[in-house]
Amino acid sequence: MTKEKIPDLKALVEKAKKGDTVAFGQIYDALVKPVYRYIYYRVDPQIAEDLTEETFLKTWQNLKKYKKGKTPFSSWVFKIAHNLVCDYYRKHQPVSEINENLIDPQEHLSPKRRINVKFNQIKLRQTIKKLPDSYQQVIILKYINELDNADIAKTIGKSEGAVRVLQFRALQQLRSLLGEKQEDF
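Numbering-wise, the sequence shown is residues 787 to 971 according to our numbering.
Source of the hints: derived by calculation from the structure; they are not laboratory data. Careful: at least some of the hints might be erroneous.
Calculated pairs, DSSO-like style, for lysine-lysine (alpha carbon to alpha carbon, straight line, at most 27 Å) [stated by the list, open to error]: (1) K940 with K854; (2) K854 with K877; (3) K904 with K928; (4) K801 with K850; (5) K850 with K865; (6) K928 with K844; (7) K916 with K944; (8) K851 with K801; (9) K940 with K804; (10) K796 with K940.
Please build the complete structure, drawing on both the sequences and the hints.
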């Protein structure tokens with residue numbers, strides 16, 4: 787996965803704050819995939835689509851409240867997404883079921899390899915859901931959305947040092963859980 791280019795959001799945000807829907811559309815295009823990926827690894831895929839849509843609706847509704855010097859805009863949007871995921875879990879019990887339609891494997895892989903890739907994706911997604919919330923958040927932001935530690939720190943409201951510690955502990959626990967699962971199969 788390569789880090790996606792994000793356009794100059796500062797100028798787009800200023801235009802969108804003045805009601806420019808085209809500028810907001812460009813913001814949406816730039817951030818929808820990373821926000822969806824963040825939410826996707828926390829909830830079921832169908833719910834992820836709804837929460838992603840709601841994230842951008844709330845972003846539009848609260849755009850005038852965004853203070854540009856305080857945090858990067860993308861971190862602010864991720865915080866909205868995080869809050870919606872938390873709200874979802876407050877209202878619903880987490881569903882622990884295998885979803886067969888995660889991410890489509892690469893077409894060029896052999897059928898056996900495709901099955902292995904899909905199985906590993908399912909196993910990883912289920913295992914990430916077993917981590918504490920703070921560990922899930924750091925793992926997804928760092929390794930799925932490829933944010934750097936500074937952006938993660940701003941998104942979750944912790945220092946970069948605390949983010950590094952969370953990453954280390956999250957990876958340790960993830961390895962431990964995946965190691966235990968390996969023995970089951």
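*Measure nothing beyond the straight line between the CA atoms of K916 and K944; if it is 27 Å or shorter, mark the hint as holding.*
The hint holds at about 22 Å.
*asked:* Holds or violated: K928 and K844, Cα atoms, limit 27 Å.
replied: 24 Å, holds
*Restraint check for K851 with K801, where alpha carbons must lie at most 27 Å apart*: 14 Å, holds
*Between K801 and K850, does the CA-CA distance stay at or below 27 Å?*
Distance ~11 Å between K801 and K850 Cα, so the pair holds.
*Is the Cα-Cα distance between K854 and K877 27 Å or less?*
32 Å, violated
*For the pair supplied as a hint, K796 and K940, confirm whether the alpha-carbon distance does not exceed 27 Å.*
Holds - the C-alpha atoms of K940 and K796 are around 16 Å apart, at most 27 Å.
*asked:* For K850 and K865, compute the direct alpha-carbon distance and say whether it is at most 27 Å.
replied: Satisfied, since the Cα-Cα distance of roughly 16 Å is no more than 27 Å.
*Is the Cα-Cα distance between K940 and K854 27 Å or less?*
At roughly 13 Å apart (the allowed maximum being 27 Å), K854 and K940 satisfy the hint.
_For K940 and K804, compute the direct alpha-carbon distance and say whether it is at most 27 Å._
Holds. K940 to K804 sits at ~25 Å (cutoff 27 Å).
*Straight-line Cα separation of K904 and K928 no greater than 27 Å?*
22 Å, holds
Checked against the numbered hints listed earlier, the structure breaks hint 2 alone; every other hint is satisfied.
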